[in-house]
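Student: Starting from the known structure of chain H, arrange chain W on it as the hints suggest.
Chains as they are written, first to last, in my numbering: chain H, 1 to 346; chain W, 347 to 935.
Read the hints as simulated data drawn from the structure, not as lab findings.
Part of the chain H face toward chain W, derived, beta carbon under 8 Å:
id: 1; residue: I37
id: 2; residue: L145
id: 3; residue: A159
id: 4; residue: A170
In this text the structure is predicted, and so the values were computed from the model without any measurement.
All C-beta atoms, glycine included, are put in the ideal place defined by N, C-alpha and C.
One letter stands for each residue in the lines below.
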Amino acid sequence: MDSTILLFLLQDGVTNGAVYALLGFALVLVFTVTRVIFIPQGEFVAFGGLTYAALRAGKIPSTVPLLMILAGVALLAGLWARRRTWSNAAAAKDVALTLAMPVLVWLITRALGSASRPAAVDVLLTIAIVAPMGPYLYRFAFEPLAEASVLTLFIAAVAVHLGMTAMGLAFFGAEGLRAPPLIDGGITVGPLLVTGQSIAVYVTVLVLIIALWLLFGYTLPGKALRATAINRAGANLVGISTAMAGRVAYGLAAIIGAISGILIVPTTTLYYDSGFLVGMKGFVAAIVGGLASYPLTGLAAIAIGTAEAFSAFHASAYKEVIVFALVMPVLLLRSLGAGQSHDEEE
Amino acid sequence: MLPRPLALALLAVLAVVPMLGVFPPFWVTLADNIGLAALIAMGLVLLTGVGGMTSFGQAAFVGFGGYTTAYLTTVAGWSPWLSLPASMLVTGLAALILGLLTVRLAGHYLPLGTLAWGISLYYLFGRIDLLGRHDGISGIPAPTVFGHSLIEPRAMYPVIWGMVALAALATVNLLNSRTGRAIRALRGHAEMARSFGVDKARTKLLVFVYAALLAGVSGWLYAHLQRAVNPTPFGIIPGMEYLFMAVIGGAGQVGGAILGATVVIVLKDILQRVTPAIFGADLQFEAVVFGAVILATLQFARNGLWPRLAELFLAPPSPWTPTAAEPLPTRPPAPDAGGPLLVLDDVTKRFGGLTAVNTVSFSVGRGEIVALIGPNGAGKSTTFDLITGVQTLTSGSVAFDGVPFVDATPNAVAARGIGRTFQHTKLVADMSVLENVAIGAHQRGTSNAVSSILRLDRAEEARLLWEAQRQIERTGLAQYAATQAGALALGQQRIAEIARALALDPRLLLLDEPAAGLRHFEKVALAELLRGLKAEGMTVLLVEHDMGFVMGLVDRIVVLDFGSKIAEGRPEDIRTDPAVIEAYLGGVE
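If we strip away everything but chain W, and leave its shape as in the complex, we get:
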């Protein structure tokens, strides 16, 4: 087991070897190619492995980067170093335009979309006269450093791997930040992230453009290494190969991208040299073996090789507790407008001919705990969705602090200070409890992707994590702060969700069946926590099935049945209400 800093130092020493004269030139070229591919695969780690968007079209962005510098340095006579920002700009703009369309695609339509524009752009590159049609552009100059030309693959090696190191650093910095947590929530938990103020479409677009920029830089390097470009390496097959690198390496981690690129390129090279000797020259057997390796990886190591290797050779990262930092600014106390905090007025929701919620009105007073109960299908969850902006109202209104919501979205609801939990807990399984809870504080921070990459966000980051730590301690989960959320028991997950909602600094806490699936002593602890919050002045609205849990805890109960309110009052009155008894137990004929 190697400690991680030592492993990194070993890698750095290893990286110098190809620069020595004794290293065979053939292997230097191979190392250069690995670096070029690793850059693209690293983009895919973020896009596909972390963000959940599968792209077969990354090779097209390599093309944008490569063609831009090819054109500018040959026809317009620019210096290669000057054309690097131009290559990134063109790639970034292309990614922005394609991304605006692509990130809106749902589910498996997204990879299909990347396949479609990937094919389309490949043919386009081969048809444009300016770009030399199928022959491409040749005679691209090598970059020079202080008059020294980087014409040899050995001279390009430090440039390429320097870029890889920079990209790896930037990617790791980005992932371990406020924006990074939002990105890591995208795959499978985008709706949860939205209710804590994460802008889903913008975050997706950011990841898309970031991945494309890495591909564009790789394209710039490729053009100056080969000193010629043509459409072939920017087609859909190379695009698929880059994705495979990320999958084989392990699509979730930066190390996986470098490992995957190394494995695939070395394997392809060996196969290309070995198979003609065995099978004859015109047999492209490497693609067959290549396909087989992918299938085997999917069947036997679905998370890729990196996690397996890391488990064997790397010491796990040491657990870490945030240190005290200046507390985040709290929500300014609202001028006491008087009246209840939350008012539902004739709220109605129809799905086609079905009226799920029918003219329901009730209110939640400041500092109250109110329960919304009712049999299955009563419309509790729909009412909850209407308050949280997940569903839109058919008619009626929801007012918070005297101000009605207009076209409420989960983002807007979060901004007003409503924190929520989910009936089916939504924690990002491969993030620690601390990081999960920090998502709750997302909208209390302002740092963006650029400041995170440059590590200018550290002061704010410390405050965000300290806030998360405080909420974890407040809810009694301190011993689990460093645990992966996926390893928590259901009861602990529900508490972690409450801690996350509290990190939003909410004025109203909405809990969706918080006691469902909890064991008795966990329910007792949960009730204790909620009483404590009430004592601190928190207002709570909860949807619940468990009558025993509700009876001893809440101030008032609202009962729904078949979408309509049938009763409202103190627990002891509800218990004896004939309409409620009939709804729950059936009437006496």
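Just chain H, with the same shape it has in the complex:
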């Protein structure tokens, strides 16, 4: 292997790893705030990528009707939860708040039609379509189970994953989609061509990390999320709504997922079910970070991206076998550090 290939593989690995890092952050966020091991994170990636590709091609993405359906189910769950303390005014507010976003994006997408527009518009629209899915999912699948054990929540997450993948097939079909690069061309650094696409990925990931850091460090909602992550009961006692914290966490996770999808879809053809494997790799990174540490998760994600790039080069058929087999030693190490307390949870 010469140095050019080495550098190329490294670039490839770091680019992929950066996206895994984002997903890893989202998973850590969701887990610490709501204790859900969020398997469906990958669906946001697939839906984000597919939505962006469809918008670029001037089509109305199938996620728009999907968003309607999810909003409807979330609304029903919300109204069902109100059945004992029913009031028409509160119910009307629920209807208006839940349905506003899907109706709005539907109107905008229709108005834009196939007119040519800058990529940034499509990026924003993609985020607007995918982001509300997070809170909707939380509303009907996880909020009613908020006090259940981690394992029950985990099983619920897997059920949501199955349902979402099937919805993906229903709405997008089995065909894959791909979008044009976010930035054309590239710059040459020594022997290495750094593509505009890679630069777009690095910049986006850096900006997002800084944005998250500002959010958690300097804003009240961010601090409320941190408080909930550290101590649910305590946060509740000082007036932080844990249900609200959960919705914000899922909203952020959906936004991160959508952006990851937009970053991937110019380089890889995405299918309705592509999200799972991408999400799982973010997962592996999150596990290395103990589902708690953001910096460790980021480092691990880069390492996984690089390991994947190299194993793809040397033994491409065994890429997935190798990446997932590497999880076991990490889990074992984590378990040794975790001590006994984990086992005694019923």
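Tutor: Relative to the frame of chain H, chain W by itself:
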């Protein structure tokens, strides 16, 4: 309400129906598929529902069973019946290797681990040339019986459901045995089980391999029913579906596995036939409905459908009292080594910079009742953990009967004859008091999983249960022997814990705050029980907060404060000791 034997007989009659010619072939195939899934779900009942280990990877073990027989019967030309043990052997070995890693994973890392190797193995099956890569292996022969080929799904039906019946019998036998009680204590009470001699890692591994073997048998059946295998049914999505079957059915009971498999497979089949007609052919709506059903089950019937149904239609099992059996062998009386029974010498425990217990020395004489007291944070519980092997000593030594413990573990401490109770009572809530107390006698029995499945353990089992019954009677809980432990009041739970410790045939009884949370008359009864035990020659060390309870009962008191011993002596001396008064009430400035 149906009596249970009658319900079983009805089921057996019902099971014959698909063998009749009038039963439509389509439904026979469906019944075959239910049987295949029920086998896997039954493994999950034991692994997840009872043992508390959630696995998404069971489909991979189906793959090991299926591929082994596929390869051996096509390439190597073996008879299918000969390849059945080979399939089980390969599955068992794979489970042993994966299990050694998996059962060591803590908490939610365990299901994540099964997800990881589940995905990894699925891709591996599809990459191996020997196994036909993505196309798999086809042309697998059907098994024959006396020259009669079982090529029809109807002919395979009795084979499949015969295996299900055998597996159900084996699982029920295993659960109602010495090993079964250890398995049932794994979820949430593994540490308690360890202090009665249960080997936690080995018991977990046993359950893991057992569940995998059931999946492997299902894989063998699948290969010969389909007569072709490829990686798809052994992936992570089928693995998730098997887990869902167990959850929907009710992950704690054998009946739940069969019910869950039936519900899921019939539901999927109906959805697959009905939804294309409504929504068009390429809409996989069944998975959406399927996900919704799971969510609804989790939200409205978290314990699954089986317990609900059983409550409606089945008569509760009749309460049962063990009959007199030959008593278990008792601990040989130790040669009187003279000197005290338990000696702590300069015992020290540091957690990082914090010294929780600092050079504490005291002893407990034979036949004495000694109390360890002190304010909150004095180091009482840590001292207790050091004696019972839950924590390891930083320095100093603990000697029992003149022989020091080296690297004490809860298992080793139990083997030496130290029985204990817990500050927060640790009884398995869905087991009867009798079964809970029988866990105490675990290390006095020797039967293993195989002998339990074959019911060769019945003589020993009768002796173990009789011992438990005797200890229950001795502690005055006889009327609650058949009650679920979760239904006992706190005071009764504390007594049941003492009965369990006595079932160990202990030479020293360690009681961790036995009077905490007890009402006055319960404390009086407890003190009476302890005096009685002392009169029989039992040695007792107890940690206690309740001074009134301690004063009238014990021979000597050891007082700890801030990790150090500040006083030791008879109750009446401790009551007037200035250092003790200062520790408890604060000094006079």
